[in-house]
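Number of protein chains: 2
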Amino acid sequence: MARERKVPVAETAESMAQKQREISVSEFFLKNRHLLGFDSPRKALLTAVKEAVDNSLDACEEAGILPEIGVDITQLAEDRFKVSVTDNGPGIVKAQIPRIFAKLLYGSKFHRLRMSRGQQGIGISAAGMYGQLTTGASTRILSKVKGSKMAHHMEVQIDTRANKPAILTEEETDWLPVFLPVNEEGKPGRPIEYKHGTGVEIVMEAAYVRGKLSVDEYIKQCAIVNPHLQLHYRLALKGKAEGGKGKGEGAEAESTSAASAVTYARAVNRLPEPPTEIKPHPHGVELGLLMQMLKGTAARTLRSALTTDFSRVGDRSALEICERAGLNPKANPTRIAHQESEALYKAIQETKLMRPPTDCLSPIGEAQILAGLKKEIAADFYTAVTREPEVYRGNPFQVEVGLAYAKPGENQELGAEEPVRVLRFANRVPLLYQGGACGMTEAVTDVNWKTYGLAQPKGGLPVGPMVILLHMASVWVPFTSESKEAIAHYPEILKEFTYALQECGRQLSVYLSRRRRQAEVERKRSYIEMYIPHLALGLKEILEFDERKEKQVIQKLGKMLEKTHLDV
Amino acid sequence: MARERKVPVAETAESMAQKQREISVSEFFLKNRHLLGFDSPRKALLTAVKEAVDNSLDACEEAGILPEIGVDITQLAEDRFKVSVTDNGPGIVKAQIPRIFAKLLYGSKFHRLRMSRGQQGIGISAAGMYGQLTTGASTRILSKVKGSKMAHHMEVQIDTRANKPAILTEEETDWLPVFLPVNEEGKPGRPIEYKHGTGVEIVMEAAYVRGKLSVDEYIKQCAIVNPHLQLHYRLALKGKAEGGKGKGEGAEAESTSAASAVTYARAVNRLPEPPTEIKPHPHGVELGLLMQMLKGTAARTLRSALTTDFSRVGDRSALEICERAGLNPKANPTRIAHQESEALYKAIQETKLMRPPTDCLSPIGEAQILAGLKKEIAADFYTAVTREPEVYRGNPFQVEVGLAYAKPGENQELGAEEPVRVLRFANRVPLLYQGGACGMTEAVTDVNWKTYGLAQPKGGLPVGPMVILLHMASVWVPFTSESKEAIAHYPEILKEFTYALQECGRQLSVYLSRRRRQAEVERKRSYIEMYIPHLALGLKEILEFDERKEKQVIQKLGKMLEKTHLDV
Chain L
1 MARERKVPVA ETAESMAQKQ REISVSEFFL KNRHLLGFDS PRKALLTAVK EAVDNSLDAC
61 EEAGILPEIG VDITQLAEDR FKVSVTDNGP GIVKAQIPRI FAKLLYGSKF HRLRMSRGQQ
121 GIGISAAGMY GQLTTGASTR ILSKVKGSKM AHHMEVQIDT RANKPAILTE EETDWLPVFL
181 PVNEEGKPGR PIEYKHGTGV EIVMEAAYVR GKLSVDEYIK QCAIVNPHLQ LHYRLALKGK
241 AEGGKGKGEG AEAESTSAAS AVTYARAVNR LPEPPTEIKP HPHGVELGLL MQMLKGTAAR
301 TLRSALTTDF SRVGDRSALE ICERAGLNPK ANPTRIAHQE SEALYKAIQE TKLMRPPTDC
361 LSPIGEAQIL AGLKKEIAAD FYTAVTREPE VYRGNPFQVE VGLAYAKPGE NQELGAEEPV
421 RVLRFANRVP LLYQGGACGM TEAVTDVNWK TYGLAQPKGG LPVGPMVILL HMASVWVPFT
481 SESKEAIAHY PEILKEFTYA LQECGRQLSV YLSRRRRQAE VERKRSYIEM YIPHLALGLK
541 EILEFDERKE KQVIQKLGKM LEKTHLDV
Chain S
1 MARERKVPVA ETAESMAQKQ REISVSEFFL KNRHLLGFDS PRKALLTAVK EAVDNSLDAC
61 EEAGILPEIG VDITQLAEDR FKVSVTDNGP GIVKAQIPRI FAKLLYGSKF HRLRMSRGQQ
121 GIGISAAGMY GQLTTGASTR ILSKVKGSKM AHHMEVQIDT RANKPAILTE EETDWLPVFL
181 PVNEEGKPGR PIEYKHGTGV EIVMEAAYVR GKLSVDEYIK QCAIVNPHLQ LHYRLALKGK
241 AEGGKGKGEG AEAESTSAAS AVTYARAVNR LPEPPTEIKP HPHGVELGLL MQMLKGTAAR
301 TLRSALTTDF SRVGDRSALE ICERAGLNPK ANPTRIAHQE SEALYKAIQE TKLMRPPTDC
361 LSPIGEAQIL AGLKKEIAAD FYTAVTREPE VYRGNPFQVE VGLAYAKPGE NQELGAEEPV
421 RVLRFANRVP LLYQGGACGM TEAVTDVNWK TYGLAQPKGG LPVGPMVILL HMASVWVPFT
481 SESKEAIAHY PEILKEFTYA LQECGRQLSV YLSRRRRQAE VERKRSYIEM YIPHLALGLK
541 EILEFDERKE KQVIQKLGKM LEKTHLDV
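First to last, the protein sequences are chains L and S. Be aware that the first sequence starts at 1, since it is given in our numbering, and climbs by one per residue. Be aware that the second sequence starts at 1, since it is given in our numbering, and climbs by one per residue.
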């Protein structure tokens, strides 16, 4: 098969210049689709569902609506699935639909400092782009804005060379609840009638596999950390036998044979505290960014630029910073940007300021974590810790850790000789893949669990029938890739997780010692119960006791021995 | 510090639409700079050097020039460094300089299928953007195009809101070799006079730390896999004492006290085989991409679109595909794109085609790997394997593995009880960070090294005084993030590495058994040598031998025992 290698002509600066070209961000991610979580058919299915559900949850919460979401997965052919996610959110105005669903790097969450699930403006468009790449199909959107009569139906594709949406269909239509949950017998049930909301439907190459990395697991974990969510999940797999008509959509649905549906019921009828948007904290702003902010400020004096564009800079702090930098508080900030920014930057670092406000965060809270764990994981001991907010690179963040320990053998899913299960969450989103690359996993392995009574191989996870839940809430979660599966190893973040884990570990240690003592007591009691009757029988024969006397002796001996041995 | 939480006003579809905005790719990566390898000052220094050197090497090789590169790192303040990299490449035409150095996603390597170090069009602009962010400084470029008299000097910054270059300085100037190597005494040496080339200088927040993750290590490994490279590396660290004037650049260089310089000499005076550009192979093209290619083709018939836009489709294969799909070979490809592309896609999958051409790859080669390992790593046994090219997602790739085993205790850097050292390379670029997340590391841990005579803890790296070198060459390396530090876990790639590792393992196993037998022989011989004299002395006393007789007996006994025991 070897052929003569054609030697390419040597390039010159001029010939190379001819080949230089702009790369659109869509082309970039199309070629690098593993960066977005679309590297295998199995993961693709999960990623698509995750991106759509995250968006729905964000939209509902921002609009102050208790979220009710339908997730509907239908297998159309061996390696082809239709994913449809519908919510009761505020809807999306028509003009924004194409860009939200068919343009990478477009959204409302990137430019603000406030906790939300989405942050990049990539996810749902990437899912649509993957569907388009693998099946040629368009992304279908149906959205009805709260207050309007009609809904909009659109079919869009992404023009990857330009990273721009192409609209294929666009019509006003009645609002149809796209999601029809099935009832227990697998028949279509009562349609859920949302008054408004958004539904998105993507056809893609995918694979459905059960287990710890499945959509099922994602949805289950999602329910744990979002107790205010009502979620209907329907899965229709294609069997070999011809089944009955499923949703009456024609040929493709006709051979659907295995359908299952489950509703994760809302546990709390209250939305989480809505996080507020904050301004950047001066201590987290790098020199270059400071210069850019001063250049672009609407303020007319340095003093007012400092107080209005940043958080935690009051009038007094602003004056202090100016004095320290040797700058006139009334100076034009644009001029500072070019000349004296370095002095200003140093002065800011040296000035004591209050920590950033933390109402931009909405942690789950210890009570909710305990409730979530108790609901989903059968165990004997539960504990949870929510740390105080901290800051990395100027971004406020807060970590939480929950822990559930089952009596060995009592929870089939938690082996006593297995590594503990680690559930990772970022801004209330379950992270299933890339555990090994995640800072949270590292924090768990770095804690010395032997101190708390668990076995732990060197450098590994502790061993035992236990689940550890970790949550990072932040205005900007530093993910290790655009697929948002693992968080980066910032030392500030790891330290907080370590403290939280250690606190939970100490609680666990108290529980485990008590349990060990109890077990010891049980063991001794069982010895006593086993031997005393024999002892009494012996005494009876030697001392010629009657039955009554024998029973008395047994009782007395038992009490005496218990008192002696069990006073622990 | 707690304050009343201001409850944000609930959003509506309309108010949310107001906040939707485009996100520039520069803004995105500025906020996510850990994705580009700029998450810590230490790593930032390495990443900047790496991106610049990769570009220089690519440019030289494409122009058919034996590369000579100067890397000059000067510490300006505790956490501030100047990185300057100069090459003897073909230079860059003036108009392209700003976009190459101050615009993300711009370049010549993304849109072609051919092996090169750079592929994304991000790296060097990202380094400049990081410098700008942390110090406010511009990227300085000096470039002289081969054949022109004058050089261009430019200072550029990146306008991150628009991802566009801003030119601050632009002038014609004499070509000055930016790089002045120091001689052994730490004094500036003879300037290297490149006739043409490009120099880039970036000032950034950084930290220099020696060790396995340092610039030193990167450069050393770079020399191993690029024996045709001549590289001068100069490092000037700022000491506390006031040193002599270094390069006469004024105050900032005055306290430079510790300077070191090293030249990695060229070992081979021949460039590697230049890889050629290929067309996509039809079996690696997804349905959506096929549709896009047909839509955009310059060909006027389906048949000619198939033969000209794809590799390995001859006239006969094209006709076979058309027939199988039930399509007219003379049909308009644009029409096919919309209607019958799925049939065409299936027909392509079912048609047998030659594997993609592989002259797009330029592996290092077994001989060069052995030479590189022998030059840099003192060991007793070396072996190397270059596998035949394979294909993942339509992209040709080729893997290579080298192995060096030192006698325990003979190489201080390789502990006999330590996990083996793994050196990872992608398209001849050393990968230092994120070893744990890399498919190559996984391939090493997945091999059962006990079979080949090495200890190996469960799920871990084998243990022993050994270095394993792994190289993946491909037209598109699937990195796990834009910082290009680890490769994704594509099964096709892992399988190839496994085979190569096993082949090396078998060679190692032969060597280790031989060495064990030799050791056994040595041990026995030393026993014999130890005991025979005593035995002879005993015999001498019993049988009253004289000295001569005693010596004879010793000799005879020795020969006899050796013959009996050492016939292995």
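Think of the hints as simulated: they come from the structure by calculation, not from any bench. Treat the hints with care, since some could be wrong.
Given that identical chains are not distinguished, each listed pair holds provided it fits within a single copy or across any two copies.
[As the list claims (entries may be wrong)] With a cut-off of at most 27 Å between alpha-carbon atoms, the simulated DSSO-like pairs for lysine-lysine come out as follows:
| hint | residue 1 | residue 2 |
| --- | --- | --- |
| 1 | K540 | K374 |
| 2 | K164 | K279 |
| 3 | K346 | K94 |
| 4 | K195 | K149 |
Here's how the hints hold up against the structure:
{"no.": "1", "hint": "K540 to K374", "in the structure": "neither (52 Å within a copy, 87 Å between copies)"}
{"no.": "2", "hint": "K164 to K279", "in the structure": "between (31 Å within a copy, 26 Å between copies)"}
{"no.": "3", "hint": "K346 to K94", "in the structure": "neither (47 Å within a copy, 37 Å between copies)"}
{"no.": "4", "hint": "K195 to K149", "in the structure": "within (10 Å within a copy, 73 Å between copies)"}
The structure is inconsistent with the numbered hints 1, 3, although it conforms to all the rest.
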